[in-house]
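*Asks:* Sequence:
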Amino acid sequence: MLLFLLICVGGVAVSGNSASFVIENVAIRFGRNAFTVMSLLIPVLAGLGLNFSIVIGAIAAQIGLFFAVDWGFNSIMGMLIAFLIATPLAMLFGFGVGRLFNKMKGSEMIAGLILGYFADGLYQLFFLYILGGILPVKTESLIIPGGIGIKNTIDLTGNMKYALDEVKLVDIVLIFFVIIAVVSVFRIIAKLKKKEKSVMKDLIILLLAAAVYALTYVPAVEKMLMTSKLSLLNVFLIIAVVGIVYVIWKIVSNKLHPDPKFKALRYIMIIVAIVLLYALTYIPELEKILMNSKVPALPLALIAGLSLFNAAFLSTRIGQNMRTVGQSRVIANASGINVDRVRVLAMIISTVLASWGQLIYLQNLGTFATYGAHLQVGQFAIAALLIGGASVSKATNKQAITGVILFHTLFIVAPEAGKVLFNNAMLGEYFRVFVSYGVIALA
Numbered sequence: 001m002l003l004f005l006l007i008c009v010g011g012v013a014v015s016g017n018s019a020s021f022v023i024e025n026v027a028i029r030f031g032r033n034a035f036t037v038m039s040l041l042i043p044v045l046a047g048l049g050l051n052f053s054i055v056i057g058a059i060a061a062q063i064g065l066f067f068a069v070d071w072g073f074n075s076i077m078g079m080l081i082a083f084l085i086a087t088p089l090a091m092l093f094g095f096g097v098g099r100l101f102n103k104m105k106g107s108e109m110i111a112g113l114i115l116g117y118f119a120d121g122l123y124q125l126f127f128l129y130i131l132g133g134i135l136p137v138k139t140e141s142l143i144i145p146g147g148i149g150i151k152n153t154i155d156l157t158g159n160m161k162y163a164l165d166e167v168k169l170v171d172i173v174l175i176f177f178v179i180i181a182v183v184s185v186f187r188i189i190a191k192l193k194k195k196e197k198s199v200m201k202d203l204i205i206l207l208l209a210a211a212v213y214a215l216t217y218v219p220a221v222e223k224m225l226m227t228s229k230l231s232l233l234n235v236f237l238i239i240a241v242v243g244i245v246y247v248i249w250k251i252v253s254n255k256l257h258p259d260p261k262f263k264a265l266r267y268i269m270i271i272v273a274i275v276l277l278y279a280l281t282y283i284p285e286l287e288k289i290l291m292n293s294k295v296p297a298l299p300l301a302l303i304a305g306l307s308l309f310n311a312a313f314l315s316t317r318i319g320q321n322m323r324t325v326g327q328s329r330v331i332a333n334a335s336g337i338n339v340d341r342v343r344v345l346a347m348i349i350s351t352v353l354a355s356w357g358q359l360i361y362l363q364n365l366g367t368f369a370t371y372g373a374h375l376q377v378g379q380f381a382i383a384a385l386l387i388g389g390a391s392v393s394k395a396t397n398k399q400a401i402t403g404v405i406l407f408h409t410l411f412i413v414a415p416e417a418g419k420v421l422f423n424n425a426m427l428g429e430y431f432r433v434f435v436s437y438g439v440i441a442l443a
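For the sequence shown, counting from 1, position 372 maps to 372 in the numbering used here; every step adds exactly one.
There's no promise every hint is true.
Said to hold, decoys possible - Under the rule of at most 30 Å between Cα atoms (straight-line distance), these lysine-lysine pairs were calculated in the BS3-like manner:
{"hint": "1", "residue 1": "K394", "residue 2": "K263"}
{"hint": "2", "residue 1": "K263", "residue 2": "K398"}
{"hint": "3", "residue 1": "K223", "residue 2": "K161"}
{"hint": "4", "residue 1": "K255", "residue 2": "K398"}
{"hint": "5", "residue 1": "K151", "residue 2": "K138"}
Bear in mind the hints are in silico, worked out from the structure with no lab data behind them.
Note that the structure is a prediction, hence the values are computed from the model and not measured.
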């Protein structure tokens with residue numbers, strides 16, 4: 001990771017690109033790609049290695065998106081239809097991939113790579129011959145002039161482009177409130193049916209969620225939330241506040257329920273690091289850059305939600321079973337864990353998340369390369385994860401996030417650096433492709 005950090009810093013210095021240009025473009029690419037990279041974490045946890053077959057999840061997403069466009073759906077409704085089509089398809093594909101991997105234990109990565117090529121062949125058959133040839137297509141502008149097959153590129157402008165990016169903060173708060181309220185109510189009802197008395201925690205969470213949502217009716221707060229984008233300065237502020245609140249909560253929890261393994265110094269150092277890093281935002285030049293660089297709120301919220309899901313998943317029974325399977329299938333079998341079922345479940349989750357990540361990517365990009373949008377999904381996502389310091393046996397949220405930032409910084413500065421150093425921008429392009437495949441080979 002340090003090597004790639006040095007390469008990125010050197011590339012930025014040589015390319016001559018301004019810091020604001022690099023930061024703004026990295027922020028855009030982060031929101032576009034991070035979700036897909038983070039979909040790789042659960043298979044690593046389950047001992048399946050790097051999931052090259054996320055290409056199949058991307059294929060499910062593109063099928064869902066095509067039908068949403070063909071049926072005339074627009075904006076957020078179109079994206080919801082695409083999600084509704086892509087999710088069951090991805091679950092089915094993930095189940096099939098998981099079953100196949102159970103017959104090829106120890107060779108999952110090469111199997112996933114080859115399976116991606118096989119799935120691409122079936123995908124092209126579907127889009128070149130079946131659509132328009134067997135299955136009717138409602139929107140004639142999507143069909144190749146001969147009447148059979150779909151055009152190479154589908155423009156999402158006017159229907160699904162920025163459908164998720166333009167969702168306002170106030171709507172995001174409402175969505176989170178509804179989710180928390182529904183989950184809390186179901187938990188309370190379930191506990192009351194079992195005659196459990198420990199419902200106070202769920203009631204407090206429900207009341208806190210209601211109080212936070214009530215703040216959106218305050219005119220000043222409502223005005224602030226009527227935007228769909230956050231400046232990076234506000235993102236840093238949110239991260240700092242959440243980090244400090246989390247550390248304080250951990251310290252207070254330890255005071256109430258002492259844990260001999262608790263290391264108070266570690267959490268104090270985290271608070272100091274957060275304060276020092278946030279203090280850097282008061283440097284005038286950096287503050288101006290962070291204020292002017294904006295990221296879509298909903299994709300960022302989805303990435304944060306996936307980070308929390310990945311972290312919380314480890315504490316569940318299924319997550320612990322996956323960790324055990326990943327460490328040793330022999331021990332897992334001896335413990336009574338159904339190893340094959342756990343591995344299939346890991347592939348289903350990863351494939352579904354990859355399909356969602358591809359939808360986030362395509363709506364932000366605004367164009368849908370029918371036959372090429374999915375081809376490099378696996379290689380680029382895995383390269384980003386490895387650059388962040390992950391391996392075939394261990395990967396974390398932090399490594400995924402770090403890898404996305406470093407990998408896409410290299411993507412942005414490499415062509416310009418190649419042009420400055422060798423008077424040929426293509427050499428920079430070749431270098432970043434070399435890096436993409438090189439880190440996979442080294443892993």
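*Asks:* For every hint, state whether the structure bears it out.
*Replies:* So, going through the hints one by one against the coordinates:
{"no.": "1", "hint": "K394 / K263", "result": "24 Å, holds"}
{"no.": "2", "hint": "K263 / K398", "result": "20 Å, holds"}
{"no.": "3", "hint": "K223 / K161", "result": "25 Å, holds"}
{"no.": "4", "hint": "K255 / K398", "result": "28 Å, holds"}
{"no.": "5", "hint": "K151 / K138", "result": "14 Å, holds"}
When the structure is compared with the earlier hints, no violation turns up for any of them.
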